[in-house]
Amino acid sequence: MIPFELVEPETLHEAVSLLDADDPGVRPFAGGTALMLMMKAGVFQPSRLISLGRIEERFSMISVGARGELRIGAMVPLSTLEYSPDVQSAYPVIADTLRTLANIRVRNVARVGGALAHGDPHMDLPPVLSVLGAKAIVIGPGGSREIAVEELYTGYYTTVLARNELIAEVIVPAPQTRYAAYLKYTTRSAADWPALGIAVLLDSDGRMIRDASVVISAATERVTRLRHTQEILNGKAIEDTTLHRAGEAAVAETMLVADARGSMFYKQQLLRVCIGRAVRMALANGVGK
Amino acid sequence: MSISDRIPAGTFGSSPPRLESYAKVTGRAEYTHNVQLPNMLHGKIFRSSIAHGRIRRIDVTAAKALPGVHSVFTAADVCKLVPNPYYGPAFHDQPILALDKVRYVGEAVAVVLADDPHTAEQAVQLIVADYEELPAVFDEVEAVTSATFVHDELKPAKTFADLKHLAGRSNTNVIVEFKLDRGDVKNAWAAADRIFEHTFRTPMVAHTALEPLVSLAEMNGSTLTIHTASQMPSFVRIEIARLLGWPESRIRVKVLHLGGGFAAKTYIKLEAIVALSTLLANRPVRIAATMEEQAYVIASHATTCRIKSGVNKAGRVIARQCDVWWNCGAYADVGPRISQKSGFTAAGPYDIENVLIRSRGVYTNLPLCTGRRGFGVPNLSWAYESHTDMIARDLGVDPIEFRRRNLLREGKEQATGTVMPDDSIAQVLDRLAERMNWSAPFERGHGVMRYGRGVAVGFKAVIAPTTSVATITINADGSCILNISTVDMGQGSDTVMAQIAAEVLGITAQSIKVSHPDTDLTPYDMGTVGSRSTFHMGNAVKLAAEDARSKIEALAREIGLTKGSNYPWSELFHRRYGMQAGNIVGMGTFIPPYAAPSSESGHSANVTPYWMVGGTGVEVEVDGETGRVRITKLITAADCGALVNPRIAETQLSGAAIMQIGYALFEKMDFDGGQLTNASLADYNIPGMQDIPLALVSVFVEGDQQGGPFGAKGLGESGTFGVAPAVANAIHDAIGVRLINLPMTAESVLRGLHKIQGRQWGDE
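Listed in order, the protein sequences are those of chains X and Y.
For the first sequence, my numbering assigns the number 606 to the initial residue and increments by one for each residue that follows.
For the second sequence, my numbering assigns the number 12 to the initial residue and increments by one for each residue that follows.
There is no bait here: all hints are sound.
As a list, the in silico BS3-like pairs of lysine-lysine whose alpha-carbon atoms are at most 30 Å apart:
#1 Y:190 x Y:169
#2 Y:574 x Y:562
#3 Y:35 x Y:524
#4 Y:35 x X:645
#5 Y:644 x Y:766
#6 X:645 x Y:265
#7 X:645 x Y:75
#8 Y:166 x Y:91
Because the hints were derived from the structure by calculation, they are not lab data.
Using the sequences and the hints given, assemble the complete structure.
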């Protein structure tokens, strides 16, 4: 690690102004749990780091908006999100997901904004917030823009965010009466990065599946919505043949990536099996309030 | 009364808190990583990027020119001080820095010393090496017949008589071939009713001690002091003294607490580089490996084991042939020892009339290997306990019943000819069967989740012949200091040694201070390896304490006290010397009887001072759709001798078992053209809390270990023998899939399942 400049601005706008659209050595950090590992491994050598630790308090708050939407400041620690009564009652799938994310020490330090901006496809929050229809409010030098979380990612560790843009807030729309689940499948130690992550959201009268939303991660280069799989599920009865067909459709419409957690063929098998499991898991999880 | 209150004997067998526990939980325990030396430089190592090649040129100009860099050294500099800079415990084959050739990706080629580690690291990036690349060999079986030779000639160290005949041999990658012939295997095949043959493989795995390797050195007058996280301070002193041509007294090796060892911190690791750097730079130097770098300094052996058995109609194994190839990596390190000392147990803990073992250590262009908790026995038990189960199931005999028919029982000769002194193998198996409730029906399931159970037993000889020396000092106020070079790396040796001394002296363990190893002050010990300390150092400590006790008694007689008087020790000193003055020093030296195996037949009448015996029973849940295996119950039973400290013994057994869960299911160093691709803990997984079965049970088979201090013996590795094969046997029990290669990943399980279902797997 070579010495670098560390700046601790006190406002978000100041932080944005300190970023540099053209210099990859200038980067913001929130909790730093991912960036510090990259620096230790020598993968990233900063010229300037901008700590977001001192920006306005409101970016560390969780609130419920007028239309029942959940507004999560980008600097909210993951553990705060995990234990928020609003999250636990309205979005139990988020709290459930966080309980399996890294460990308590990481969750106490890592922030929601960083967990979305990092772009590692193995992370758990992006598929879950994508399937819930969450939007990120992004601030840049020219003002703010709104990007659906599922549209943030362009590839492996790459996002649509410019180098001088920051996620300020995440808005999760008010929950409808829906079933949700995140199935995290690890193939080595239980604490490993997942080989496959599947987030599902759906409605049902107990017999038929409606409005299914399926987003996968970890086995793909980036967070990926399975549109054809959704079509297969919608309007079909909850039974093994439907789930089996959905699994086949999921395999047919995705390009999976081999790594130390499994070959492409093995991950296809996982996907084939786990789509149905994730749907069943969502139905078993019950209805969020 | 004095500090050491005299109490009746009885500390032995109780579980007093560990001596270092308060310091550890309050963050005050001393580790080498925290050692700061005045004016010290930080070293970082430039490593080879190719697996095999001749060094044409190393350009260090830009690195030297970087501000903050003090110096950059290569082998050429080392040779100015050490003309023959090769070291190693069995072979003198490893250069301090790569000389003429590099033999694996990650080999140390140059060292940069700078004011801070970051500058040193930056300077390392500026070094350019030009190599003439040579063909490389990675597989231990291919290396035997390969035309690529990792070393031009074999260089056995003179310390081992049985290796002398290898000196100067060239055009071979075979470091050593241990041979054992018992009975007449060739003719026995004809008498067998059935013959079974299988080949099993294990990958290179990492030790992953959570404290990575770290060493510092400084000159104090004419003495070179080395502070190092080492399991072998005495060896470090001897080997560095040999390299420099200095007397041992001019090298001082100091060791603090270790954050784990598992045999990674044995022999010479960073000590030679740090010593030479200090001498060349004339400044104190610290070199700390990162977790990722550690994997380039040391790994542990991959193995191929081919095992063939002949079984008669009664279900008795009458002949067994074992061919073992140990992938030692680029330097021998402990390879020749492991090939022999674990090699002679390759046929397993069974009573077999005809045995033939060929156990070869082989050079390859991979990181050098050393033992790893179990010293090769887990590699072998993986083969013989999977093989044994396969035979039993093929014959339709219950696997425990089949083992009982064939076990090596009390009074029977092990393959080397050494007589098994007790029936602990049978007792371990009996206790496993009992705790597994083996005779009761077992529900294997019908749906996606299937359930299975399996057992495995194993045994290990202790490294021999080895010596331990202890001194115990009784101060004039009656307080005690135990001086030993045993390294407490978390296994609790300080507490155990204090308990042994306390038992003899009739005081509490807590009242004894156990010094950290410091070769100027603590006497010789071969090393804290191979579960040898409780037995070897324990005996030395017992002798030292007995010596001190007899000197106290002599002192009491001298001043006219009645025999058996309860006078405080401080009074004895005060009466004798007229004030608080004087010392009593007790000393003990221990080396157990041993007979080396014959180099022709492998026979020995006394091949080990004691056997370690352990077994594992597991229940698993197998996901028939994804292949994921969850261990739901894990029972470890081991012969623990007489327990010194039951609480520590329990953590040794369960800790060994947990470590092996990773070995069984997912640990593997991945290489691509000799380049390790999963050096970090994010990519190289080890078991975490959630991988530990809810039912984790340790069962002690207690016996009186003849020759052990108060009947005690080592048990740090006994929990490692059975885990992987027991899991394999349980997977087979659950779904009928037999795995022969470690690790048993979810993918390999599912692939096996598809195979027996006649389904296509990908492009295969």
